Amino acid sequence: MSEVIVVTSGKGGVGKTTTTANLGTGLAAAGHKVVLVDADIGLRNLDVVMGLENRIVYDITNVTDGQIPYKKALIKDKRYDGLYLLPAAQTKDKTAVSPEQMRELCDELRQEFEYVIIDCPAGIEQGFKNAIAGADRAVVVTTPEVSAVRDADRIIGLLEANELREPKLIVNRLRYNMVKAGDMMSIDDIIDILAIELLGVVPEDEMVVITTNRGETVVQDDKSRSGQAYRNIVRRIKGEQVPLMDLQEGGFLTRLRKFMGLK
Amino acid sequence: MLEFISRIFGKDSSPSKNVARERLRLVLVHDRTDISPQIMEALKSDLIKVITNYMEIDEAALEVSLDSNENQIALVANIPVKGMKRSGSMAPTGA
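Protein chains in written order, with the UniProt record's numbering: chain A, 1 to 263; chain B, 1 to 95.
So that you can see chain A by itself, here it is in the shape it has in the complex (with noise of 0.2 Å):
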């Protein structure tokens, strides 16, 4: 059985693209076969984030097109055998590809891999209606800021409009010692808000920018805490109960346990 989930949240810079690429990695680590479709065209980003960025010949517009059939324009992971990337186009725009082309493209990609994810870029316009097209399910990720939270609950009526019902919900970028000061806004304050299923938690984390600067993917890392949590969504999606981790940033000892490796 194969799954086409859409990676959304309406506003820009929360996180979309890099959970895509930890989503996709860690489905691929456990052994599934992947495609990650960047959807956002004319900016392309899932290339860079993934490491990818020098191997590209051809994108999706040429799929879209019929200039040449959608295997030519994968790029094949550096690590994993079954995870492949389809990229934008970076000198084209939105109406380059139409909600038609994108449901082909993705019937057709169903047949090969296990699990599509599509990279939907930010706003609701053509970009968001191409991306959601052919997806089964949707992703929403959001932070815990008033301006995140508001547009994700525009896209989940979005998504409800459009057929994707129970979309769920990745909070990113928590910071566990705000919260506690009641400086943040809590998972059960979200919750509450946008009334939609939680699939994850991710916390803030200086390793996801480490290992993006690097091309490389955070949920490889056994010892960072949001590898952690993108390992524990990963198998959420794959229909898994796995409870949620511990927020609770480490105390001294974890810290120093951490610092010598120890996990």
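What the hints contain is simulated information worked out from the structure, not anything from laboratory work. It should be emphasised that the depicted structure is a prediction, and the values quoted were computed from it without experimental measurement. The beta carbon of each residue, even a glycine, is placed where N, CA and C say it ideally should be. Any given hint could turn out to be false.
[Said to hold, decoys possible] Derived Cβ-Cβ restraints for the label pairs, each shown as a range: (1) B:L43 to A:E160: 25 to 31 Å; (2) B:V64 to A:Q111: 54 to 60 Å; (3) B:V19 to A:T95: 36 to 42 Å; (4) B:E63 to A:R55: 54 to 60 Å; (5) B:V27 to A:E3: 17 to 23 Å; (6) A:G42 to B:L43: 36 to 42 Å; (7) A:T95 to B:I35: 29 to 35 Å.
Add chain B to chain A, keeping to what the hints say.
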């Protein structure tokens, strides 16, 4: 400085996340309905028209907004009354 001290002693009356949550809650009540700001304005001016037949109100301070609890939406109007009109000057109701 005072704020800093009150924070240290945990006397901050409203943590910022409560403010965020409340502002979000209200903005989403509006977002989730299809009522545009223009419609709210029209509603407001109609309300003023009706109420001024009976009372003298502070039009500038009049506030009309939507609120919600659980699964009900409420129209909340805050209308400061400057003075009551005498019954003699009350406009006739109906045609």
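At the C-beta level, are V19 (chain B) and T95 (chain A) separated by a distance inside 36 to 42 Å? At roughly 41 Å between Cβ atoms, T95 (chain A) and V19 (chain B) fall inside 36 to 42 Å, so the hint holds.
Is it true that the C-beta distance of V64 (chain B) to Q111 (chain A) lies inside 54 to 60 Å, as the hint says? holds, 55 Å
I want to verify a distance hint. Is the separation of the beta carbons of V27 (chain B) and E3 (chain A) within 17 to 23 Å? Between V27 (chain B) and E3 (chain A), where Cβ atoms are some 34 Å apart, the hint is violated.
Holds or violated: the 29 to 35 Å window for the beta-carbon distance between T95 (chain A) and I35 (chain B)? holds, 31 Å
L43 (chain B) versus E160 (chain A) beta-carbon gap, inside 25 to 31 Å or not: With Cβ atoms ~28 Å apart, the hint holds.
Is it true that the C-beta distance of G42 (chain A) to L43 (chain B) lies inside 36 to 42 Å, as the hint says? holds, 41 Å
Starting from the range 54 to 60 Å, see whether the pair E63 (chain B) and R55 (chain A) falls in it by beta-carbon distance. Once the Cβ atoms are compared, 59 Å apart, the range 54 to 60 Å for R55 (chain A) and E63 (chain B) holds.
Violation of the numbered hints given earlier is confined to hint 5; every other hint is satisfied by the structure.
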